[in-house]
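K.L.:
Residue numbers (UniProt numbering), protein chains in the order written: chain B, 1 to 262; chain X, 1 to 269.
Hints in this document: simulated from the structure, not taken from any laboratory.
It is possible that part of the hints are untrue.
Which residues of chain X face chain B? A few of them, derived with a C-beta cut under 8 Å, are [said to hold, decoys possible]:
id, residue
1, 84
2, 113
3, 146
4, 164
5, 211
In silico BS3-like links for lysine-lysine, alpha-carbon gap of 30 Å or less [claimed, not checked]:
id, chain 1, residue 1, chain 2, residue 2
6, X, 16, X, 36
7, B, 241, B, 179
8, B, 241, X, 165
9, X, 17, X, 4
10, X, 4, X, 16
11, X, 165, B, 179
Built from N, CA and C at the ideal position, the CB exists for glycine as well.
What follows is each chain in one-letter form.
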Amino acid sequence: MTDDNQAMTDGGTDEEARTDGGPPATVPPDDETPTWSERKEHSQGLAQLTYQYFERSRREDEDLRTESTYVERDVLGFPAWPHETIRNLAITSFFVGILIFIAALMPPHFGHPANPGSTPAIILPDWYLYWSFGLLKLNPLNPQLAVLDGNILLGNEFLGIIAHGIVFGAIGLVPFLNKGSARRPVEEPFWAAVGVTGVVLSLTLAALAIQNFFPFGLDLLITLTFLLPVLCGIITYAVLKTMREGYMYDLNRRYYMLRPPK
Amino acid sequence: MSLKKTDEMDHNAWLKKQDLTVIETAFLTTLIWVDKRLRIVDYLELLETMYYRANLQMPKSHTEQYDLDNKFWYWYPLYSLGSLSIIAYLVAAVSGAMLGFYYSPSTAGAAAQGDPTAAYDSVVLILKDVQFGFMLRSIHSWAAQFMVAAVFLHMLRVYFTGAYKEPREVNWILGVVLIGLTLFFGFSGYVLPWKQLSFWAAQIGVEMALATPIVGEWAAQLLFGGFTLGQATLVRMYILHVFVLPFVVTSLIALHVGIVWVQGIAEPH
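Next up, chain B with everything else stripped away, as it sits in the complex (with noise of 0.2 Å):
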């Protein structure tokens, strides 16, 4: 206050020269009003927590991009017109062409009429679902109690369908399950020896589902369908342990010529 009133070089005072213009141009808020951040920091419960959510992560979003080593390119991207236009018509051409001419060489086939009386010698879906066929041929898995003398404990169509559950759970928590900033099977040969198991159990639940056409007993062929996965996930883990030392080696070269380590 004591500079506003200070003497001025025509004899007056800083205060006067300031009010000889009439009333400011915007009325000063009184101090009862609240800001529109003190509005949202009053506010309380689950607002309140949002809004100093919201307030942390817009802070962590700048200090990332403040010590980002982000390197941007030159060009502005691959444009939409006509480059990726003529790429995307091109693989949308080739593609339904394919199914096209497929479509002509190998018709479907047309069976004979629904009859409720008779049951064909052999039921199969189509072949995408021939893994979930297979899956409601475990019965001779069931369990079998003794308590119950020998009497099987779940009815065989509910075991399937346990078996159906047990599947898509599996595949949905694989992301809660396997987490960090590995891409490559390389890196986590572990991981990628689960999806190879995962790939050929299908396929031999598949041909679990056609069990008609092989020519060895049904026990073999459970056992083989549970194996194989097995195997070929035990072989894929090795190979790709083996792989990992050079790979690694490669990869971590040419990350530290471009960013030497501190």
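Starting from the known structure of chain B, arrange chain X on it as the hints suggest.
P.N.:
Chain X alone, transformed into the frame defined by chain B:
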């Protein structure tokens, strides 16, 4: 000074004053007509703002930054599998809509067990009498097979490149749901011609549903219209195949792709 009010925003008068070609006049007339009704200028402004806010320079990917191209160029074609499944889905949708013109979901017309029903006959009509019908059914069937194959391979690609990892867990689970729905799409389509294998595939479906405790009977009622197969089953499978699943799957695909758009493609590095 006249008392008559003048319309300062008389766009048509403004249009007349200008010396425009026919195309320009037609374009402007249409634009003014639409804008008067929908006020698209607001949305254009929004778009413009978004355009200028967007970062016009792309960050270099790990691939470019560390010169890793020769390490996994062979992964690149596998990155198109998601789009290929959508293309197959579109082909199936178009051919399916055309098949729907001729198909009738009815089990009527069978005098004795094993006689062709109206549904079966309508497929025979498509195969024999409809112009290009044989090819149409073949294309629809193969488009479904291609879609399922592309979806499975897409899942394998995502798994083996670790693209499902944090922060993409939600999209992975959405993908698992979409695979299940795709398989159910295929199953419901398999039932529609009401041929021998359709019937017995549906029979296995009902038995599976009935074997489930607590919700089993309810599910059998809902999906198959009862505990034995008949007209109700066929109509339910038809409505699921041509009405419910297309809406659900299309919106889930849009969400799936939208999340990829927001999160960006996970490149192997």
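K.L.:
So, for every hint listed, does it hold in this structure?
P.N.:
Status of each hint after checking the structure:
{"no.": "1", "hint": "84", "in the structure": "holds (6 Å)"}
{"no.": "2", "hint": "113", "in the structure": "holds (4 Å)"}
{"no.": "3", "hint": "146", "in the structure": "holds (6 Å)"}
{"no.": "4", "hint": "164", "in the structure": "holds (5 Å)"}
{"no.": "5", "hint": "211", "in the structure": "holds (3 Å)"}
{"no.": "6", "hint": "X:16 with X:36", "in the structure": "holds (17 Å)"}
{"no.": "7", "hint": "B:241 with B:179", "in the structure": "holds (19 Å)"}
{"no.": "8", "hint": "B:241 with X:165", "in the structure": "holds (21 Å)"}
{"no.": "9", "hint": "X:17 with X:4", "in the structure": "holds (21 Å)"}
{"no.": "10", "hint": "X:4 with X:16", "in the structure": "holds (21 Å)"}
{"no.": "11", "hint": "X:165 with B:179", "in the structure": "holds (6 Å)"}
Checked against the numbered hints above, the structure breaks none of them.
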